[in-house]
Amino acid sequence: MRRRAFLAATGGGLIALIGAGMAAWNQVPVIPKRPEPDADAAFGWIVHRDGRFVLTLPRVEMGQGIATALKQVACTELGVAWQAIALQLHDTSSPPVKATVGSESVALFAEPLAQACSSLRDALEAGRLEGPVAVSTRPLSALRAFRAGGLIGASPELAQGRDIVTGAALYAADVVRPGLLHGRVLRAPASPEVGSRASTWNRSEAEKIPGFVAVVEDCGSANGQAKGLGIVASRPAALDQIAEALAIEWTVDSLPEQADIARAIDIDTALSKGKLGNRVMDGAPEGTSFDISMRVDIPFAAHAQIEPRAAVAEWKHGRLMIWSGTQDAFYVRDALADVFGLDPGAVTVQTMRIGGAFGGKVLCRAEMEAAALAQAVGAPVKVQWTRAQEFAFGYHRPPSSHRLRLKLSGGRITDWDHQQMSSHILFTSAGLPVWMQAATDLVVGDPGVARGMRIPYWVDRARAAYDTIRLPVHSGPWRGLGAGPNGLVVESAMDEAARTAGADPLAFRLDHIRDPRLAEVLRRVGETANWQGTAAAEHNGIRTGRGIACGIYKENSYAAVVADVAVETTGHIRVTRLWCTHDCGLVINPDQVRAQCEGNLVWSIGMLLSDALQIEAGRITAENFHENPIPRLTEVPPIIVELIASDMPPSGAGETAIVAGPGAIANAIRAATGVRPARFPLQAEVFAT
Amino acid sequence: MDFVLNGEIQDIPDEWAEESLLNLLRDHFGLVGAKYGCGAGICGACTVIVDGVATRSCITLAESIEGAEVRSIEGLATGGALHPVQQAWLDLAVPQCGYCQAGQIMSAVALLNEIPSPSEADIDAAMDGNLCRCGTYGRIRAAIRHAAIQRAVGAT
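Chains as they are written, first to last, in this note's numbering: chain A, 1 to 689; chain B, 1 to 156.
Hints are supplied without guarantee of correctness; some may be wrong.
Part of the chain A face toward chain B, derived, beta carbon under 8 Å [claimed, not checked]:
1. M62
2. G161
3. R177
4. E207
5. K208
6. A243
7. L246
8. S254
9. A264
10. V339
11. F340
12. G341
13. W531
14. A535
15. G599
16. W603
So, partial list: chain B residues that the calculated Cβ filter (under 8 Å) puts toward chain A [to be verified]:
17. E15
18. G30
19. G39
20. A40
21. A77
22. T78
23. A81
24. N113
25. S119
26. G135
27. I140
Hints were generated in silico from the structure; no laboratory data involved. Heads up, the beta-carbon is just placed ideally off N, CA and C, and yes, glycines get one too.
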């Protein structure tokens, strides 16, 4: 945006601008893959006006606590009280920012914000009250927000916390516009990989429903190949009734390929046909006989966030306004501008607080539907997906099939080989056509699938390779990308290797670790959990055991976890206690980092015991939570989290503990039952006595 | 058709009679604290209190609450002072995304109204039907204990 327009939009006052100095910063730029700002572009994240500060949050808040953390940074750097800064959520009239993904918000945004605030503070102290302030960057060590003390390392009341507990926090579906109508786009019960459309429908029956407004045939871009039929009503419950009255007959062009998903990604079948194409580690294990060979299979999993995707759209004078709980407002803006033939500047996307995303809200879906329906009826329209649509039209964590082979000598692993078949994560089928995905497969593979395959252990010869196959159910980013599944697999293999070596699994790992920060979290979790080995025992038919695991997320965040489990004679598994030690560098808000660890550990329980998307013949059949269960209150044990005090640069916490939690639980089950968990989610009968 | 909503008598217009209580609250009265999560009474994000009982408003017909007393999250705080359960939720920083929390809080309020000092089993029974994908369960449990203690202290 041009500076003049920006100043007009913010109504004057003193604004910290960040522009030309960016390249000199110690950390990765904050706008790497979005349109590069020219010299005039500015980040107006922090504004001083009429004696008050406004922090426009350059991230979306979806429960990771970034609003609180960045407010702590701003207050500290400006040297002002908590109440002196008002918070507002960004829209696309702000300069572009990259998607809120990958646990990057503190790591990438805290420093630019602190730089802006420090220059703003200097300007205010010099008596300036008007105009832009050029940001003169200073070394990290000169920033107050990068030293523990005061608000840094404290846990103030959650930003928006009071709104949440009083019901005042607004999410996309809570937005009300004058004359707002309710919309839904119906699609065939079929794989999005095959063409489908409504062929006949009974409009006259639908018109009889009180509140009927319209049937809309042009609903913007298809969801994959699935063309929709839109309905609009003046009252929400009419949508169900209209959908039923229409009695739509769907035409589905063909059956999807690779409909037998388990077979399509079967790792042993793939290996029997030759080498996998994408290498993550390039070592060459020697010989063909291994001491350990294990197979692990992990299914499709839904994000299953409680807030289904939602958007409100309103057209006015050829301009489109969207309210959305998206992780990537600028992508949504650009996608809508493209489909509706608008200048991107004619589309404004206002971000709203998000009711959970976990990687699931980075495409343009409900927004597209709402915009098309609003355009068709000439009134603002809200679309919120039903729970069944969430499962059917979303994209999900891909399934993966793994083969691990290890060789040991002298109590150490000498050879490591990890082979994986999966589907796409970053270059998702939900966003990429077949031809383009074929190109990314050939050139770069899918780094999302690879994440976590590079082991943090020192072995003589290590190889890791994978291939991806396009499936009839769309896959994409899910908390931690490949790191959760790969961590589970790697840590299971480490546990088996320690058993083969006759070594304690904690000591065995330490013997293979050279990164001192990883060694430290592992030792510390052993101390807090009073680790004395796997402690397998049986009492009154209840088998108990302990497991341990650790890992590194994105090369700079560390976690180690100890799990205790109890397994009944029926094979029913309960996780009875979890300990986690976590190192993500300098911690801005320890309570919220703990909260992220707790969330990751609950997700770890889900990965072991419940996550599985119900699919038949290549299409999702799960319609609600009873067919896609998520962990419940009674399944979650006491969780003890310890944070390492560190002055290293802050790294991510939103997806770190998921590298270690699942492995620790799996290893505890192995200790308790003698059975290696290998097919997930675990079925009780496998562990019954 | 009348009912009592957060202490005030309100009319249920005829055209809203066959809507869900959730839609009535959100789209007619503008009280958007209760959320749509599953539409089938499974997740608990839509929980409000009807005549003292934690109730899934998404599967409750608006007309069925005629004459009943409905309390929603918006009606908990009195004169700017948070309800002890709301305060406990803030003190323990329970919410992550926050979407399920109005339902969690209403279930907890109904529990504590019935059982001022709930056992762990009481908490299990009252709260197991309220899902949270962020994984705030440990804090929910702790906040209920905290609120129970605060109320007991306040009552003496």
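These are the hints, each one checked on the structure:
no.: 1; hint: M62; verdict: holds, 5 Å
no.: 2; hint: G161; verdict: holds, 5 Å
no.: 3; hint: R177; verdict: violated, 12 Å
no.: 4; hint: E207; verdict: violated, 17 Å
no.: 5; hint: K208; verdict: violated, 14 Å
no.: 6; hint: A243; verdict: violated, 13 Å
no.: 7; hint: L246; verdict: violated, 19 Å
no.: 8; hint: S254; verdict: violated, 31 Å
no.: 9; hint: A264; verdict: violated, 28 Å
no.: 10; hint: V339; verdict: violated, 27 Å
no.: 11; hint: F340; verdict: violated, 27 Å
no.: 12; hint: G341; verdict: violated, 32 Å
no.: 13; hint: W531; verdict: violated, 22 Å
no.: 14; hint: A535; verdict: violated, 23 Å
no.: 15; hint: G599; verdict: holds, 4 Å
no.: 16; hint: W603; verdict: holds, 6 Å
no.: 17; hint: E15; verdict: holds, 7 Å
no.: 18; hint: G30; verdict: holds, 7 Å
no.: 19; hint: G39; verdict: holds, 6 Å
no.: 20; hint: A40; verdict: holds, 5 Å
no.: 21; hint: A77; verdict: holds, 6 Å
no.: 22; hint: T78; verdict: violated, 11 Å
no.: 23; hint: A81; verdict: violated, 11 Å
no.: 24; hint: N113; verdict: violated, 17 Å
no.: 25; hint: S119; verdict: violated, 13 Å
no.: 26; hint: G135; verdict: holds, 3 Å
no.: 27; hint: I140; verdict: holds, 7 Å
Against the hints set out earlier in the document, violations occur for numbers 3, 4, 5, 6, 7, 8, 9, 10, 11, 12, 13, 14, 22, 23, 24 and 25.
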